[in-house]
Amino acid sequence: MPIYKHSDVLGFAEFRIPLKSKTKLIKFFNKLQAYVFNRVGFLLFKQNTLEVKFQLLTEDSIGVKSCSNLKEELEFIDINKSLDLTRKNIINLAKNQLFNQFDSFYFQEYEYLPAHHTWVGQILLQDIKIKNLLKNKKIFICGSPSNKRLGPFHHSLECSNSIKFNKNKKYFD
Amino acid sequence: MVKYKSKIERNFKQQIFDLLTSNNLLDKIRISDHFIGSLGTISFNEAVRKDFIKNSFANMIFQRKILCQFISILMC
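Line by line, the protein sequences are chains A and B. This note's numbering puts the first residue of the first sequence at 125, with every later residue one more than the last. This note's numbering puts the first residue of the second sequence at 4, with every later residue one more than the last.
Only chain A is shown next, with the shape it has when bound in the complex (with noise of 0.2 Å):
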């Protein structure tokens, strides 16, 4: 289910049958069984409920710094100090979304784990010292950066894609 922020897909609610179980049996049949529903659709025994799983886009709110022990490391940082707000919001934006489409919707906070998927790049590629050792043949780039942005979904069929369909194009020498 697709959750919305104005006109704009922020990212999508999906439903999981719930893996959670104090037998370890039980707990084993349960994942056995949503392996095969995931893989061929197939639900072996009827479920009572669903577990809702989310998965929601932050753009551009993530900054780097060097860490001040190791000067060759990088930690992530907060630039605008209010990212756990901005996710908290999107949260309840999608939690008022479930309560309007869903009668049965039992919400229950858990914490959310961050950058799931990250991408970054496209500062990188503008910067023109970058762009002349790019074009000198002095960096290649494997992978990310590139100037595509990161969308509410997984990028990498998208990104798998653009390269099948474009088999002319030489992305390594």
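Each hint should be verified, as a subset may be incorrect.
Here are the simulated lysine-lysine pairs, DSBU-like style, with alpha carbons at most 35 Å apart [as the list claims (entries may be wrong)]:
no., chain 1, residue 1, chain 2, residue 2
1, A, 219, B, 53
2, A, 262, B, 53
3, A, 129, B, 53
4, A, 144, B, 53
5, A, 262, B, 16
Quick caveat, the hints were computed from the structure, so don't treat them as lab data. Just so it is clear, the structure is predicted and the values come from calculations on it, not from any experiment.
Assemble the complex: chain A is given as a structure, and chain B must be docked to it using the hints.
Showing chain B alone in chain A's frame:
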């Protein structure tokens, strides 16, 4: 040999790092990301009714089509 290799790696890393810091590129870098998590639960029946889950096999069982056939075979 190992030392030589690691020295090249170290130099390369340092050069990249210097390039990023000297040009103030580090401050300009912005990363987009996805965050994932769980929001709660919904009822299975509602998800099926609203066509969010297509579950033909489970529906067949609970419409008792297969179950009735199975019992009738057993009875025979």
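Status of each hint after checking the structure:
no.: 1; hint: A:219 x B:53; in the structure: 18 Å, holds
no.: 2; hint: A:262 x B:53; in the structure: 56 Å, violated
no.: 3; hint: A:129 x B:53; in the structure: 22 Å, holds
no.: 4; hint: A:144 x B:53; in the structure: 25 Å, holds
no.: 5; hint: A:262 x B:16; in the structure: 14 Å, holds
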